[in-house]
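Chemist: One-letter residues, chain by chain:
2 protein chains.
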Amino acid sequence: MSTVGNSTNIFWQESPVGKLERQKLLHQKSCVVWITGLSGSGKSTLACSLSRELFTRGNLSYVLDGDNLRHGLNQDLGFKAEDRTENIRRVGEVAKLFADAGLICIASLISPYRKDRDSCRAMLPNANFIEAKPFSFVFMNMPLTLCEERDPKGLYKLARAGKIKGLIDCLRTFVDRKIASLFPFSPPTNNNMHTYMGNGLSFKDSNKGFVLCIIGFTGIDDPYEPPLNCE
Amino acid sequence: MSTVGNSTNIFWQESPVGKLERQKLLHQKSCVVWITGLSGSGKSTLACSLSRELFTRGNLSYVLDGDNLRHGLNQDLGFKAEDRTENIRRVGEVAKLFADAGLICIASLISPYRKDRDSCRAMLPNANFIEAKPFSFVFMNMPLTLCEERDPKGLYKLARAGKIKGLIDCLRTFVDRKIASLFPFSPPTNNNMHTYMGNGLSFKDSNKGFVLCIIGFTGIDDPYEPPLNCE
Numbered sequence: 001m002s003t004v005g006n007s008t009n010i011f012w013q014e015s016p017v018g019k020l021e022r023q024k025l026l027h028q029k030s031c032v033v034w035i036t037g038l039s040g041s042g043k044s045t046l047a048c049s050l051s052r053e054l055f056t057r058g059n060l061s062y063v064l065d066g067d068n069l070r071h072g073l074n075q076d077l078g079f080k081a082e083d084r085t086e087n088i089r090r091v092g093e094v095a096k097l098f099a100d101a102g103l104i105c106i107a108s109l110i111s112p113y114r115k116d117r118d119s120c121r122a123m124l125p126n127a128n129f130i131e132a133k134p135f136s137f138v139f140m141n142m143p144l145t146l147c148e149e150r151d152p153k154g155l156y157k158l159a160r161a162g163k164i165k166g167l168i169d170c171l172r173t174f175v176d177r178k179i180a181s182l183f184p185f186s187p188p189t190n191n192n193m194h195t196y197m198g199n200g201l202s203f204k205d206s207n208k209g210f211v212l213c214i215i216g217f218t219g220i221d222d223p224y225e226p227p228l229n230c231e
Numbered sequence: 001m002s003t004v005g006n007s008t009n010i011f012w013q014e015s016p017v018g019k020l021e022r023q024k025l026l027h028q029k030s031c032v033v034w035i036t037g038l039s040g041s042g043k044s045t046l047a048c049s050l051s052r053e054l055f056t057r058g059n060l061s062y063v064l065d066g067d068n069l070r071h072g073l074n075q076d077l078g079f080k081a082e083d084r085t086e087n088i089r090r091v092g093e094v095a096k097l098f099a100d101a102g103l104i105c106i107a108s109l110i111s112p113y114r115k116d117r118d119s120c121r122a123m124l125p126n127a128n129f130i131e132a133k134p135f136s137f138v139f140m141n142m143p144l145t146l147c148e149e150r151d152p153k154g155l156y157k158l159a160r161a162g163k164i165k166g167l168i169d170c171l172r173t174f175v176d177r178k179i180a181s182l183f184p185f186s187p188p189t190n191n192n193m194h195t196y197m198g199n200g201l202s203f204k205d206s207n208k209g210f211v212l213c214i215i216g217f218t219g220i221d222d223p224y225e226p227p228l229n230c231e
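As given, the protein sequences belong to chains A and B, one line each in that order.
Residue numbers for the first sequence follow UniProt numbering, so the first one is 1 and each next one is one higher.
Residue numbers for the second sequence follow UniProt numbering, so the first one is 1 and each next one is one higher.
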């Protein structure tokens, strides 16, 4: 019997089929790829391209899109600071379930605050014998001007007109950090993280390159090798 | 742009790979099997056996166990009435995501109130051309005396000693309904529902039969036939 969070008298039920068995069934290693960045930075485009590319390679992935989840699981949450944190926490928990189920889970949400992202990363083991990189961040480090220029949802227009407070807060976080010359993510020595910069290529061409980089970085398509003690 | 629940300015992102494509990749039809019943009625045992049996048939399933989720996604929830409702709502939303991802999702939680279960069922389409039964309830209709006799978690002992209020409420729901000769679930004409009664067999033998019944009832292992317009 245990007490966890607000629950008492709850018990852990061991899974009848283990994560390794599910990975073996799917012939793939499961992981979470977490795409973070400003609105308009291309997170959804990248998530969709990555999922499609993985599908053509025979891999099963699933996209957890921040906006889509606000239509369902997170529909009770707004954009206050504590709601944002809870929003990200829940996406992290669900991503963990999908990785446990054997899938390549692609989470795509602004998630500007490192502490929230780090909490999610802490939910999954850092590394084990079969998964070198079970949780990878991808930072869509696009220039703010480019994001505003694209503005696919018209959010920047509304934000500049003072009609969306949350987004302005979010922009400030990024902009202030830039002004302070602080790199807002973990340093490159952290090999669970990957960053991208706009590089002069067209958005479409960059995106294609990003997909291949992520697949290479995460090793998603490395041949699946079940550990000896799993046979 | 839309307003949903407590969120504004959110947009629906179409999935790059559709549910039908994922089902095709997995060679299976996805669905949700929702196991409901008293503590000790055998929900977890059935969920585990079903998941294991499906695995041996090459099917990918995932068990959403009520207690396990209270260690993670639902750790902020207690056992007050509104917390129970929110607990079940979230499990329903996650089950929906897993079914959308192409998996056979097995949810196992007491979920005593029909209105909560019905809300979950309403999240998934009732039927479409590929899935006759995308959401099936399995009611572990075990006699209360048998559940108390088993009492695998020692919860009944605590409840009878007045140490768990929530469980007593839950028992009352079931017992009162029995006293009133009310069948606490939808009538048998509803083909999205399946009920089981203790039938004199041993728990182990019953369980084996239940697994086969569920597989037959849901048609999980019927040959996968992609619809013509999916090719």
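Just so you know, not all the hints are guaranteed correct.
No distinction is drawn between identical chains; accordingly, a pair holds when it is met within one copy or between any pair of copies.
Stated by the list, open to error - Computed list of lysine to any residue pairs in SDA-like fashion (alpha-carbon distance at most 25 angstroms, straight line):
1) Lys153 with Phe55
2) Lys208 with Ser15
3) Lys24 with Arg57
4) Lys115 with Leu25
5) Lys19 with Arg52
6) Lys24 with Thr145
7) Lys80 with Trp12
8) Lys19 with Glu53
9) Lys163 with Tyr113
10) Lys96 with Ser15
11) Lys96 with Glu21
12) Lys80 with Asp221
13) Lys19 with Thr56
14) Lys204 with Gly162
15) Lys157 with Leu20
16) Lys24 with Gly58
17) Lys204 with Phe11
18) Lys19 with Ala81
Just so you know, these hints were derived from the structure itself, not from any lab.
Chemist: So which of the earlier hints does this model not fit?
Modeler: 1, 4, 6, 12, 14, 15 and 18
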